[in-house]
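*Asks:* Following the hints, put chain E in place on chain Z, whose structure we already have.
Protein sequences, first through last, are from chains Z and E. Residue 1 is where the first sequence starts when you use UniProt numbering, and the numbers rise one by one after that. Residue 1 is where the second sequence starts when you use UniProt numbering, and the numbers rise one by one after that.
FYI, nobody ran anything at the bench for these hints, they're computed from the structure. Careful, some of the hints might be misleading.
Said to hold, decoys possible - The calculated EDC-like cross-link candidates involving lysine to aspartate or glutamate, where the alpha carbons are at most 16 Å apart (straight line), are:
id	chain 1	residue 1	chain 2	residue 2
1	E	Lys51	E	Asp31
2	Z	Lys41	E	Asp4
3	Z	Lys8	Z	Asp68
4	E	Lys41	Z	Asp31
5	Z	Lys41	E	Asp2
6	Z	Lys41	E	Asp68
7	E	Lys51	E	Asp68
8	E	Lys41	Z	Asp2
9	E	Lys41	Z	Asp68
10	Z	Lys51	Z	Asp31
11	E	Lys8	E	Asp68
Number of protein chains: 2
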Amino acid sequence: MDPDAVAKAFVEHYYRTFDSNRVALGGLYQDASMLTFEGDKIQGAAAIVAKLTSLPFQQCAHAITTVDCQPSGPAGGMLVFVSGSLQVGGESHALKFSQIWGND
Amino acid sequence: MDPDAVAKAFVEHYYRTFDSNRVALGGLYQDASMLTFEGDKIQGAAAIVAKLTSLPFQQCAHAITTVDCQPSGPAGGMLVFVSGSLQVGGESHALKFSQIWGND
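So that you can see chain Z by itself, here it is in the shape it has in the complex (with noise of 0.2 Å):
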């Protein structure tokens, strides 16, 4: 499969989870999982669903403008850039995000 396609299919995945049921992104991490949110480094998938479940918003809908995905490490690994838009309940105009991924 296209890496590009799997890339942009696993961003679509991430944030529709996290837009409907932040719990559920425990499954997309492992104990060796790393969060850097906002200069906290966060490790493991329970620690990183106790961080994105207490963010300060309940509703919150993402929206994706790029997707750009490279090969990375000798193993097929790959890196993969995302930028967006994220509206959060309450607030009248959106933010903007940005969001890296290896898997290494």
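*Replies:* Below, chain E alone, put in the same frame as chain Z:
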């Protein structure tokens, strides 16, 4: 050395070089390096330098806002995320930019 300090030093060096002598960026890439630039994938130090020196501006000044890094892969690699602004010669206001590096 602290990985965050290494990442910050690398990023400062990269953009100082970018702003003063783009050709010298070639020394920071290898033949296996890949740059994704606004959706284009460019492979190898020579091709990357050709791309960066052909951008439609001569003078530029990057200002770094955030540098985040995470360990990546079993071989001690890092994933680095940078955001900031870019002032281009002849333009009155700055552009936002973000860039990521992986070195597995």
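*Asks:* Compare the structure with each hint and give your call.
*Replies:* To see whether the hints hold, each was checked on the structure:
For the hint linking E:Lys51 to E:Asp31, the alpha-carbon distance of about 15 Å falls within 16 Å, and the restraint holds. Under the criterion of a C-alpha separation no larger than 16 Å, the hint pairing Z:Lys41 with E:Asp4 is consistent with the structure, at around 11 Å. Between Z:Lys8 and Z:Asp68 the CA atoms are separated by roughly 8 Å; this keeps the pair inside 16 Å, and the hint holds. Among the hinted pairs, E:Lys41 with Z:Asp31 is inconsistent with the structure: their alpha-carbon atoms are about 32 Å apart, more than 16 Å.
The straight-line distance between the Cα atoms of Z:Lys41 and E:Asp2 is roughly 14 Å, inside the 16 Å bound, and the hint therefore holds. Of the pairs offered as hints, the one joining Z:Lys41 and E:Asp68 holds, with about 9 Å between alpha carbons and a cut-off of 16 Å not exceeded. Of the pairs offered as hints, the one joining E:Lys51 and E:Asp68 is violated, with about 26 Å between alpha carbons and a cut-off of 16 Å exceeded. For the given pair, E:Lys41 sits about 14 Å from Z:Asp2 by alpha-carbon distance, which is consistent with the 16 Å threshold.
Note on E:Lys41 and Z:Asp68: the hinted pairing holds, with a Cα-Cα distance of about 9 Å set against a maximum of 16 Å. About 15 Å separates the Cα atoms of Z:Lys51 and Z:Asp31, which keeps this hinted pair within 16 Å; it holds. Simply put, E:Lys8 and E:Asp68 have alpha-carbon atoms about 8 Å apart, close enough for the 16 Å limit, and the pair holds.
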